[in-house]
Amino acid sequence: MNKVRVLLRGLLLGTALGVMCAAAAVSAHAQSEGQQFPVATKTLKNGMKVLVETDHSIPNIALYIFYKIGSRNEHPGTTGLSHFFEHMMFNGAKKYGPGDLDKAMEANGASNNAYTTENVTVYQDWFPRSALDLIFDIEADRIQYLSFDPKKIASEREVVASERRTSVDANNGGILDEQLKATAFIAHPYQWPVIGWMSDIEHWTMDDLKHHFEMGYAPNNATMVVVGDVTPEEIFQLCEKYIEPIPQHAPPPPVTTVEPEQLGERRLIVHKPAELPLLMIGYHVPQTNSPDFYALNVMRTVLVQGESSRMYQRLVDKDQIALEVNAFQSPAFDPTLTVFAAQPKQGVDPQKCEAAIYDELDKIKKTPISDVELEKAKNIRLVEFYHQMRTINGRGNTIGTYEVFFGDYHKLFDAAKNYAAVTKEDVRRVAQKYFDSNNRTVATLIPDNGEQGSAK
Amino acid sequence: MNGKMRTLRFAVNAVLLLGFAWNCGAQTLKLPPHEKIVLKNGLTLLLMEKHGVPIVDFAAIVKGGSVADPAGQEGLASVTAGLLRKGTAKRSAQQFAADLDFIGADFSADASADYTAISIEFLAKDMDKGLDLFSDAVLRPAFAQAEVEKLLAQEIDGIKAAKDEAQSVALNYYYGYLFSKHPYGRPVAGDELSLARIKRDAITKFYATNYTPGNTILAVAGEFDAAQMRAKIEQALGGWTAKETALPAIPAPMPVKGKKLLLVDKPDSTQTFFVFGNVGTAENDPDRVAIRVVNTIFGGRFTSELNEALRVESGLTYGAQAFFDSRKEPGAFGIYSFTKNESTVQAIDLALQVLAKLQKVGVTAEQLASAKAYIKGQFPPSIETSEQLAKRIAANEFYGLGDDEINKLEERIDAVTPEIAKQVIAKHFPEDNLVFMLIGKGSEIGPGVRKYAPQQDTRKISEPGFWPGAK
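In order, the protein sequences belong to chains X and H. Per my numbering, the first sequence starts with residue 1, numbered consecutively. Per my numbering, the second sequence starts with residue 1, numbered consecutively.
The shape of chain X in the complex, shown without the other chains:
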């Protein structure tokens, strides 16, 4: 296995959506090749929107439910509640008690998972056609009648604590990312980690959980996407039977806090035992449905995607000061961050990597990218589109993400047009607009190996 290439994957594991969203774009060329597929939609009487795409190529189905609630709907003292709640959604309801849900699914050939981000909580079921009815029975049961058993809560707290020790304590990228966000945002809820601070994980109360459930899990706050060996009629009938009777209620109150403009560079350092340092630089950028989304994606592609990208060529290949350089941006309802991450080589001062990144950003601000780079970026998007669209699971996640973050799944098919419209001047404009030194937060992890005294 090539460890070099997987170094920063820990950071990216959670950004399935980020990768996906960036990936789910298509050039005008692709659209002309007919890269549209029919999606049937229906809004149930209780407000849940359901999207269905039929694909009989394998006898399986992928079902996604997106709830528009995440860590941005939390408050200090109960950070991580959305994610904890996601775990509780597998711990028993009325018909399917503790442990029953997973046992019933697996005995019928189904598997499940879920993920939580700052913005959404997403439940995933993958199953053979034969389990269709069971899946709806289970989903309806837990949306309505989740149980709150104190013993399960206590044990699940420990599971989440273990998850945090793995993804933060034992992952330098996890620690640094957490500290970066806590510094880059001073007002908006994106400042706290999705998994929550450890002391909050230890102290939520039963009331906090119940309140969260009532607030976030209204059918009118959810979008269901079903892709696979099934027809829209079948799904709409099942929805009528299982989902539509669930009453609607008020969704979470809007998040009104707006992050104030950053007026100067912020810097932070993490000292911890480590073999190598790590560097992350975050810039405030607009939310996903902003018109600048496409130009920002093209800019990131030119800078870091592939070994021909500018920053790879500069930091990894030419200067040989980093093992890896990357940039990412997650889908977000509110203004968010574009984060550059570099893994400096041993013995290299992270500030050297920092200077090289700024230098590359300066170049892209001053001089338009080349025609070849622009075309390359669009070609990369095209292949990624097919990559995402070739599985029922990929289509389920992508359709849902466009529907939720852009407000309309049709934007998936418009992405072609929107990328085609990006000009070299657009790329330069967004580079100048958002990647200013006053708008950045710089996080550096410095190895501190006490007893050996060799760090620095």
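These aren't lab readings, by the way, just hints derived from the structure by calculation. Take these hints with a grain of salt, some might be off.
To be verified - No farther apart than 20 Å at their CA atoms in a straight line, the calculated lysine to any residue pairs in the SDA-like style are these: (1) Lys49/X to Gly407/X; (2) Lys451/H to Asp265/H; (3) Lys441/H to Val168/X; (4) Lys160/H to Ile446/X; (5) Lys95/X to Asp149/X; (6) Lys160/H to Pro273/X; (7) Lys257/H to Arg450/H; (8) Lys318/X to Asp99/H; (9) Lys40/H to Asp265/H; (10) Lys260/H to Asn433/H; (11) Lys441/H to Gly450/X; (12) Lys103/X to Gly362/H.
Based on the hints, put chain H in the right spot on chain X.
What follows is chain H alone, placed relative to chain X:
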């Protein structure tokens, strides 16, 4: 960031563990038709048309992975693979990257223990460009000195960075300790010391010895016409005439007798990551389907006995699982989990109890039925794409497994009776002979774990290398 997976998959990906254990069974699904051609130069070509998505996937297997590394030069196969794209007879590394990225193609070349896998994926309309990049990398790598030095330096630092994330190196330590001097004990990507010893000459020699058409299986799947594809490949690869040399035979590793324990000290660790087990099974083991069924019940899914005990019922961990990393010769069997420092002994004790219960009580008819349905139900998405299919048929060819491996899986799964399960448990889930590997805070967990084995070894995570053989 911060999507937080709920099931084991998060942990599993981090250690590159599973895949094997969960990819099983078939319902009514059959492999799409494909043909096998042996070219005049000895290259085995597998062609599978799969229409619908305008993508083509090449998956090549070159026999000779880290098992072909000379002792002391661990990582040679891996570095050789990594250099294929770093400059060829007609392209610099930069030009290769530029040409590849311009068409949005994906190229990868990675060694594993048994073989080196090289793959490329591109749009069907870019067929000629894609094939040219593939054959350029495989047939004409330049191994320029500057690129060799660059990559080796990166790989050495990459090993160090991986050690900052304990779970990503757990298997390196476990395999080194379990297989000891057997080639399967070698770290596939090498270690800080062995990589520093590798010279360009060794790389060109490794390439000349192993990268031959007779040693190569190439599977191509996706949107194309098979006859046209064959002609194009014959033209691009037919002139490859490198002489085949016989690969050194690898003896089957012997299971470890008794118990031994390696503690890798990571002083700042808040959790202990542990793996224990013994030598497992070969890819072509006659019991392989029954093992998959039993291991699904024992440690291969969310409701497995191990995950139920260590996660669901006790909250000791985010995940616990058991795996068979099967290879050409018997690979590893292991039980893997992690828990906070203070519950280390409690978690290992519990995992051992679950193993003892499997031996004593076995599995129920209900569990068997559930595992069978689960494996069959989850199988189709594992052969959904042309990439998955190309890799699957190439591996089947390498391991000498026919299409029935997939086409008859359903009936083979159905044929697993309680009696067979019982035999498989007795034979393949060792309880008395166990090798333990733990990464954690030695000063805190060391005394408690002494009880697991009479033989104890320790090393610091900052110490270069992963295994006793590393010097």
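Here's how the hints hold up against the structure:
1. Lys49/X to Gly407/X: With Cα atoms ~11 Å apart, Lys49/X and Gly407/X stay inside 20 Å; holds.
2. Lys451/H to Asp265/H: This hinted pair holds, its Cα atoms lying about 17 Å apart.
3. Lys441/H to Val168/X: Between Lys441/H and Val168/X the Cα gap is close to 17 Å, so the pair holds against 20 Å.
4. Lys160/H to Ile446/X: 14 Å, holds
5. Lys95/X to Asp149/X: 15 Å, holds
6. Lys160/H to Pro273/X: Given pair Lys160/H, Pro273/X holds - Cα atoms ~12 Å apart, limit 20 Å.
7. Lys257/H to Arg450/H: 18 Å, holds
8. Lys318/X to Asp99/H: This hinted pair holds, its Cα atoms lying about 18 Å apart.
9. Lys40/H to Asp265/H: With a Cα-Cα distance of about 54 Å, the restraint between Lys40/H and Asp265/H is violated, given a limit of 20 Å.
10. Lys260/H to Asn433/H: 9 Å, holds
11. Lys441/H to Gly450/X: 15 Å, holds
12. Lys103/X to Gly362/H: Distance ~18 Å between Lys103/X and Gly362/H Cα, so the pair holds.
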